[in-house]
Amino acid sequence: MNLRARVFEALGTVYDPELDEPITTLGFVGSCVVDGDDVSVRLRLPTPQCAPNFAFLMAADAAAAVRTVSDGSVHVVLEDHYTGKEINAAINRGEGFSDAFPGETAGDLRALRMLFQRKALLARQSRLRSTATKLGELDGPDAERCRELRRALGIDASDDAPAFVTGDGDPVEASDVRFWRMASLTALSLETNGGMCRDLLKTRYGEVAA
Amino acid sequence: MYEKNGEKYFVLDSHLHFWDASPANWVPGAEEFAKGWIECFHAYQGLGPAETHWSIEHFQKYSVEDFEKDVFQDGHVDVAVFQSTYLKEWYTKGFNSIEQNAELLDRFPGKLILNGRWDPREGEAGLEQLRADHAKYGIQGVKLYTAEWYKGSRGWKLTDPEAVPFLDTCVELGIKNLHVHKGPTIWPLDKDAFDVSDIDHVATDYQDLNFIIEHVGLPRIEDFCFMATQERNVYAGLAVVIGGLMHARPKFFAKVMGELLFWVGEDKMLFGSDYAIWEPKWQVEGFVDWEMPDDSECADYPRLDANGKKKILGLNAAALYGVDVPEEFQAAGEPAAQEDAQLVEGPA
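So the sequences go chain by chain: A and B. Residue numbers for the first sequence follow my numbering, so the first one is 1 and each next one is one higher. Residue numbers for the second sequence follow my numbering, so the first one is 1 and each next one is one higher.
Mixed in with the good hints, there may be bad ones.
Stated by the list, open to error - Derived contacts from chain B toward chain A, CB cut-off under 10 Å, selection only:
#1 26
#2 43
#3 185
#4 251
Unchecked claim - Distance condition first, Cα-Cα at most 30 Å in a straight line; then the derived DSSO-like pairs of lysine-lysine:
#5 8/B to 251/B
#6 151/B to 85/A
#7 136/B to 85/A
#8 4/B to 85/A
#9 111/B to 93/B
#10 202/A to 281/B
#11 88/B to 85/A
#12 111/B to 281/B
#13 35/B to 202/A
#14 111/B to 85/A
#15 281/B to 4/B
#16 151/B to 69/B
#17 85/A to 281/B
#18 191/B to 35/B
#19 111/B to 136/B
#20 251/B to 111/B
#21 93/B to 85/A
#22 191/B to 111/B
#23 191/B to 202/A
#24 8/B to 35/B
#25 136/B to 202/A
#26 61/B to 202/A
Treat the hints as calculated values from the structure; they're not laboratory data. Small disclaimer: the values here were computed from a predicted structure and weren't measured. Every residue, glycine too, gets a C-beta built ideally from N, C-alpha and C.
Go ahead and model the full structure; you've got the sequences and the hints to work with.
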């Protein structure tokens, strides 16, 4: 596999934290240029006003992912964004979110990321709803993503662990109507937002996103 | 008004604008933000039917004649609520300030309801302005845009202590309809700007006020629904739901409507076109024609009949704003009348 393909594979592990979808399938990778060992990636979002915190996470995660496959210089640029100047400067200095917006943050983005990982877990589980009791009984892409999200949240992701859990890791009964209603509503919310993001990106850049 | 299949609909558009986003109104030095903002709105228009798309030049600034034709002549709208949005860091005279909007009142007597706005970061001067706007225009409502930039701050929350005197003043003056619009920035920036829990708190504390959550809290519809179901005085503003989804993503539209009907109910949902993002005509006509799909994914959702559509398109908002609606537009109260209507319409 050549470097460009490996870079793209690495970018495929970067998720929009709000939509729980890879930035590559959302069409957020505008261009990717490889010159020897040096990599330059341009990211683009559906609107210039997309939330700066999520935009920062995607740009920082993209830079970190590319660095795992390239020993050369890595340059990630978020283009056409109203806080792009601040975000790009911090990313390329290797700094955090609070450095990008001094005085405008109260902490780092860890709590925000975890909040949305919990939502994503809820949404994924709603698509997997079944009589399964052990996580090992579930398979397919949604189940794999559930395992990743559980590990990220510090929730047991072993085969013998409960198949379905709340965002805090508590087991969920198959008959818990309220949980499943909230889970499907969360899934709908994420899917609707993803659809709107795709439509806006297409309107903005005139290309059909994957 | 709009009439279809013998049903008459009184249309109260609870959310529209008369803006000036033309380059002449861009704040020097902030051109990229002013330009980016209106281009973003313009992209949203792209989610509507192709034949309703405008050029960016037309979209930046449209005339009173355009407004009259699109809203009152072609758009079936009987009464419309102007939501004043300032954004004065980007637009010199404001995006659509209360003064700009007020200029249209005399031209369309009885057809426009003017809402004001406030921003807790403006402190005492902001309170005085709110009182002055109320005295001058008799406003019954305000638009609150929590993501507005102000002197280095990129947003605010309804639970900020500075908001308390403004909420108290709304109660005192009888400014009872608060249209809350969440945007992408807020302080601190590491928090979720679209989080609606601040509305939950103030809705509980201020039972005399109504909180209309614009675009139903999108992109946090799950948090919105969960909150709205617990709060008597929280309403769903459908701007963006109808305009942004009904044409572009009909399947999502059906499911979002289904969830809203389940959690919020047809008595607390308000039509808003968000003009000039989208023209009201296709939204009103399409919504009246819309039916919950018969597929299994929508099987659990409540159905919406002509009576429910009458409430959403106008009657609910008319009640909030004290607008008298003639008897011929009222929803039929008797269940028997509903059955009759179904018999008349016959199978689809």
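Structure-based check of each hint:
1. 26: Violated. Min distance 14 Å.
2. 43: holds, 4 Å
3. 185: Given a least distance of 7 Å, the restraint on residue 185/B holds.
4. 251: Result: holds, 9 Å to nearest chain A Cβ.
5. 8/B to 251/B: holds, 27 Å
6. 151/B to 85/A: Holds, because 19 Å separates the two Cα atoms, which is no more than 30 Å.
7. 136/B to 85/A: With a Cα-Cα distance of about 42 Å, the restraint between residue 136/B and residue 85/A is violated, given a limit of 30 Å.
8. 4/B to 85/A: violated, 52 Å
9. 111/B to 93/B: holds, 24 Å
10. 202/A to 281/B: holds, 25 Å
11. 88/B to 85/A: holds, 22 Å
12. 111/B to 281/B: holds, 17 Å
13. 35/B to 202/A: holds, 19 Å
14. 111/B to 85/A: violated, 45 Å
15. 281/B to 4/B: Within the cut-off at roughly 13 Å; holds.
16. 151/B to 69/B: Since the Cα atoms of residue 151/B and residue 69/B sit roughly 38 Å apart, the hinted pair is violated (cutoff 30 Å).
17. 85/A to 281/B: Violated, at roughly 40 Å.
18. 191/B to 35/B: holds, 26 Å
19. 111/B to 136/B: holds, 18 Å
20. 251/B to 111/B: violated, 34 Å
21. 93/B to 85/A: holds, 27 Å
22. 191/B to 111/B: violated, 40 Å
23. 191/B to 202/A: holds, 28 Å
24. 8/B to 35/B: violated, 41 Å
25. 136/B to 202/A: violated, 44 Å
26. 61/B to 202/A: With a Cα-Cα distance of about 24 Å, the restraint between residue 61/B and residue 202/A holds, given a limit of 30 Å.
Taken one by one, the earlier hints fail for this structure at numbers 1, 7, 8, 14, 16, 17, 20, 22, 24, 25, listed in ascending order.
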